[in-house]
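J.: This is what each chain is made of:
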Amino acid sequence: MNKIKALYENEMIKIIRRPSIIAVLAVMVVFSLFWPIVLSVIYLTQYSDTGIDYPKEKVENSLAEAMFQSGNVASLTVNETVTIEVDGQAKEIPMIYYEAEYDQIRALADKECCEDLLSNYDFDKYPLGNTWLSFKGLMSYVTYKSDMYQMNTTPFEERDSDWLKNYEQAGMAVDNIRKALIQHDYESYCEALKMHGKAFDASEDYEIKRVKKLMETDPAGELGYSEASYMMDYLSQIDDKKEMIDSGLDYELPRILTEQKKAQLANEIKILEYKLEKHNAYDEKSFAALQVMTITRSINQFVLVVLVLLIAGSSISQEMATGSIKSLIIAPVRRWKIYTAKLLSIVTWMIAASVLMSLLVCFSLCITFGFSMLPPYLYVAGGAVVEMPSIIFIILYDLAKNIWIFFYAFVAFMISCFTKNTGVSVGMSVGLLLAHTMPNYFAETNFPRVLLEFTPIANMNFAGKAFPYATLMLAEADFAELEEIYIDNPMNFSLLYCVILTLTILFIAYEQFTKKDIQ
Amino acid sequence: MEDARTPALSIRHITKIYGKKRAADDVSFDIYPGEIFGFLGPNGAGKTTVIKSILGFIFPDEGEVFIDGHNIKKEYEKAMASVGGIVENPEMYQNLSARLNIEMYAKLHDGVSEEMIDNVINEVGLSARAKEPIRKYSLGMKQRIGLAQAMVHRPKLLILDEPTNGLDPTGIHQLRDILKKYAHEEGAAVMVSSHILSEMQLLCDRVGIIDNGKLIKVCSLEELNDQMDSAPGYSIKVSDKDKALKILEDNNIPAKAAADEGVIEAEADEDKISSVIRLLVTNGVDIYEVRKIQSSLEDIFLQVTGGGIDIE
Chain A
0 MNKIKALYEN
10 EMIKIIRRPS
20 IIAVLAVMVV
30 FSLFWPIVLS
40 VIYLTQYSDT
50 GIDYPKEKVE
60 NSLAEAMFQS
70 GNVASLTVNE
80 TVTIEVDGQA
90 KEIPMIYYEA
100 EYDQIRALAD
110 KECCEDLLSN
120 YDFDKYPLGN
130 TWLSFKGLMS
140 YVTYKSDMYQ
150 MNTTPFEERD
160 SDWLKNYEQA
170 GMAVDNIRKA
180 LIQHDYESYC
190 EALKMHGKAF
200 DASEDYEIKR
210 VKKLMETDPA
220 GELGYSEASY
230 MMDYLSQIDD
240 KKEMIDSGLD
250 YELPRILTEQ
260 KKAQLANEIK
270 ILEYKLEKHN
280 AYDEKSFAAL
290 QVMTITRSIN
300 QFVLVVLVLL
310 IAGSSISQEM
320 ATGSIKSLII
330 APVRRWKIYT
340 AKLLSIVTWM
350 IAASVLMSLL
360 VCFSLCITFG
370 FSMLPPYLYV
380 AGGAVVEMPS
390 IIFIILYDLA
400 KNIWIFFYAF
410 VAFMISCFTK
420 NTGVSVGMSV
430 GLLLAHTMPN
440 YFAETNFPRV
450 LLEFTPIANM
460 NFAGKAFPYA
470 TLMLAEADFA
480 ELEEIYIDNP
490 MNFSLLYCVI
500 LTLTILFIAY
510 EQFTKKDIQ
Chain B
0 MEDARTPALS
10 IRHITKIYGK
20 KRAADDVSFD
30 IYPGEIFGFL
40 GPNGAGKTTV
50 IKSILGFIFP
60 DEGEVFIDGH
70 NIKKEYEKAM
80 ASVGGIVENP
90 EMYQNLSARL
100 NIEMYAKLHD
110 GVSEEMIDNV
120 INEVGLSARA
130 KEPIRKYSLG
140 MKQRIGLAQA
150 MVHRPKLLIL
160 DEPTNGLDPT
170 GIHQLRDILK
180 KYAHEEGAAV
190 MVSSHILSEM
200 QLLCDRVGII
210 DNGKLIKVCS
220 LEELNDQMDS
230 APGYSIKVSD
240 KDKALKILED
250 NNIPAKAAAD
260 EGVIEAEADE
270 DKISSVIRLL
280 VTNGVDIYEV
290 RKIQSSLEDI
300 FLQVTGGGID
310 IE
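For the protein sequence lines, the chains are A and B, in the order given.
The first sequence begins at 0 in numbering that gives the first Met the number 0 and counts up one residue at a time.
The second sequence begins at 0 in numbering that gives the first Met the number 0 and counts up one residue at a time.
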């Protein structure tokens with residue numbers, strides 16, 4: 000053991016003193032610190048206006064702008080005696096006809112909405128845009144009014160009973176949304192959705208259901224925009240999951256739900272309910288922090304790939320190429336000890352590099368977003384929801400997520416036992432790693448599925464398997480990555496698969512290194 | 000040479016075959032403590048194959064190697080603990096300092112102290128530059144630090160492949176002193192292969208000659224010197240080469256023209272040479288220089304191996 004320890008220490012010294020490794024580590028440190036700062040600045044500046052602060056002055060500015068833009072409405076015809084047949088009877092209604100472009104109509108609607116708000120809205124009681132209801136109300140008020148005016152571009156001779164029906168519905172939608180906005184009333188908002196949906200032949204049922212749920216939690220309409228948005232998102236997720244459990248169908252794949260998936264869905268519901276109860280991660284900043292972390296991780300993974308493949312791929316080949324292997328062979332240590340020490344040093348570096356990357360990202364996120372911005376990971380143990388501190392979660396999640404990189408590093412190590420050329424070992428393993436997702440393309444064709452189940456990509460989504468509830472926390476950003484995997488085997492199979500494959504690769508490397516002549 | 004002591008190195012019937020070529024063919028020899036053994040052979044003769052077999056780089060197809068009485072197949076670590084060496088060029092970790100290189104190597108041996116490391120660096124004259132990275136070293140310095148690494152654990156058997164490569168004359172002289180001291184005073188066995196054969200003559204106690212994978216001859220330096228001295232003849236620089244050859248031919252003294260201008264080579268021993276000179280002078284041929292022809296190790300080597308080959 001002493002010999003292995005001494006060899007291991009030597010290996011660690013050799014790796015850390017290599018200029019190429021120092022350069023890649025420096026890049027990793029710079030990326031880990033630089034990207035979160037850049038991305039957080041982008042996120043915080045872009046998203047800070049979303050749904051917040053729409054003071055009176057801003058409405059006044061919008062009015063001035065709208066007046067300027069709508070001043071060019073080409074012609075306005077008011078025909079007092081339009082006759083339309085409704086239910087078999089001729090009906091005369093006063094009507095307006097605009098001959099104008101969409102933008103002009105929109106500006107006209109803007110102008111009228113702004114004038115109305117400046118005269119009738121209580122800016123002190125409900126700061127405009129600060130609450131979900133006022134923000135959504137404002138956006139919808141302008142849109143609905145614009146939609147209604149747009150109907151006035153239909154020539155008189157084309158207007159029929161259907162048109163009139165829709166026009167009346169659109170008018171009711173505008174009235175309701177105005178009421179929802181000015182009186183801060185969810186019911187009127189739902190009514191407006193209903194009316195607008197009828198007028199424009201689109202179902203708003205789903206949205207109405209979500210708003211009603213929100214209304215139950217926040218009857219006074221005081222919830223902030225992002226907080227309410229998250230809450231609605233959670234509520235609708237809970238509904239979707241319950242629906243899946245009830246129907247017994249997995250909508251995502253789609254296929255019949257397995258018992259395991261059912262249990263997972265039940266746990267996910269528990270976690271979402273826990274989040275609703277605890278008001279966990281409702282704010283925009285936390286979400287931005289998670290997204291920045293996810294993007295930074297993707298960028299850093301490239302650096303990690305270069306780092307570990309370089310270390311593993313050059314481990315033996317470079318010593319062979321430079322001849323430095325001679326001082327190891329002449330030493331009184333058996334080759335299996337050299338092999339073991341090299342392997343241990345590679346594994347140490349893999350883990351250390353991954354942990355270092357996670358810590359650096361956490362550190363820079365803490366600097367840019369604040370120390371409590373990263374939400375904890377929630378999971379279910381013994382029927383209860385448990386919180387895992389975010390830093391521990393990120394380290395473990397990253398390790399699980401980087402397993403596929405580690406696997407290709409072992410491949411690089413194996414190739415390095417066969418060649419004196421480090422470029423070959425690193426290049427070949429990078430090539431294999433890049434071709435890693437190829438089976439996905441076959442997955443969409445009639446290629447035998449059983450063969451695809453034995454491909455690395457179908458078995459290396461350990462982050463998804465070990466942290467099944469991470470998607471609830473990482474939201475869209477991480478979903479995209481998981482969707483790449485069409486075939487995802489169960490944990491036990493994947494674990495066994497990876498262990499067997501890795502041992503085989505290491506055995507080939509062992510046989511080659513310990514039994515070959517060194518020229 | 001029979002010796003009652005345990006050989007520092009004992010090679011028994013080493014055979015290594017690459018495809019159809021027998022790179023080492025039934026090679027057997029011993030090296031004893033306190034002696035310097037020169038290992039000679041042309042390119043591709045199997046010299047490096049034998050050295051690599053001893054040092055565990057390659058696995059021979061047949062035969063056994065014993066270092067300090069330990070079979071390297073069965074007691075690898077014990078056997079290798081008694082050996083130090085440089086194969087081909089001393090390759091070390093370029094980005095690390097010379098001292099760190101040696102420290103890392105020393106860690107793999109038992110009982111090497113910091114003092115021993117300092118001493119050996121001092122011994123090869125690199126104390127002042129031991130903290131510099133190897134990449135800044137010249138070839139000669141690399142040879143010296145390689146030697147320091149090979150000797151740091153004071154091995155009972157030291158194997159050096161072309162150790163004078165890149166050394167200046169002073170360096171070669173120092174190396175010779177270090178190796179002689181190490182073998183003759185500390186009682187270690189030293190095995191040296193070198194293409195500078197004059198060096199071998201100055202350094203070695205015994206030589207082994209290998210060609211086509213076979214060990215052709217193992218003899219002491221004295222035997223070798225005897226063989227050199229036994230080569231008869233003198234080279235004579237004369238005023239008229241053709242006339243001189245004619246006179247010698249007429250007197251039945253075997254002679255031939257040498258490659259150099261005005262030089263002839265006459266087959267004669269010490270007793271006859273004075274009469275040859277007198278004969279030439281009395282017949283009107285002026286003599287400018289007379290030199291005894293000594294056959295070099297190259298000549299002997301060529302004789303032994305059959306000649307016509309490159310000397311490594």
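In short, the hints are calculated from the structure, not lab data.
Where is the CB? At the ideal position from N, CA and C, for every residue including glycine.
A hint or two may mislead.
What the hints assert, rightly or not - Part of the chain B face toward chain A, derived, beta carbon under 8 angstroms: (1) 54; (2) 56; (3) 94.
To be verified - Keeping only pairs whose Cα atoms sit at most 27 angstroms apart, straight-line, the calculated DSS-like set for lysine-lysine is: (4) 245(B) <-> 515(A); (5) 515(A) <-> 72(B); (6) 164(A) <-> 212(A).
To be verified - These stretches of chain B come out as covered by chain A in the derived footprint (C-beta under 8 angstroms, 3 or more residues): (7) 111-121; (8) 244-251.
J.: Determine which of the earlier numbered hints do not hold for this structure and return their numbers in increasing order.
T.: Violated hints (numbers, rising): 4, 6, 7 and 8; every other hint is consistent with the structure.
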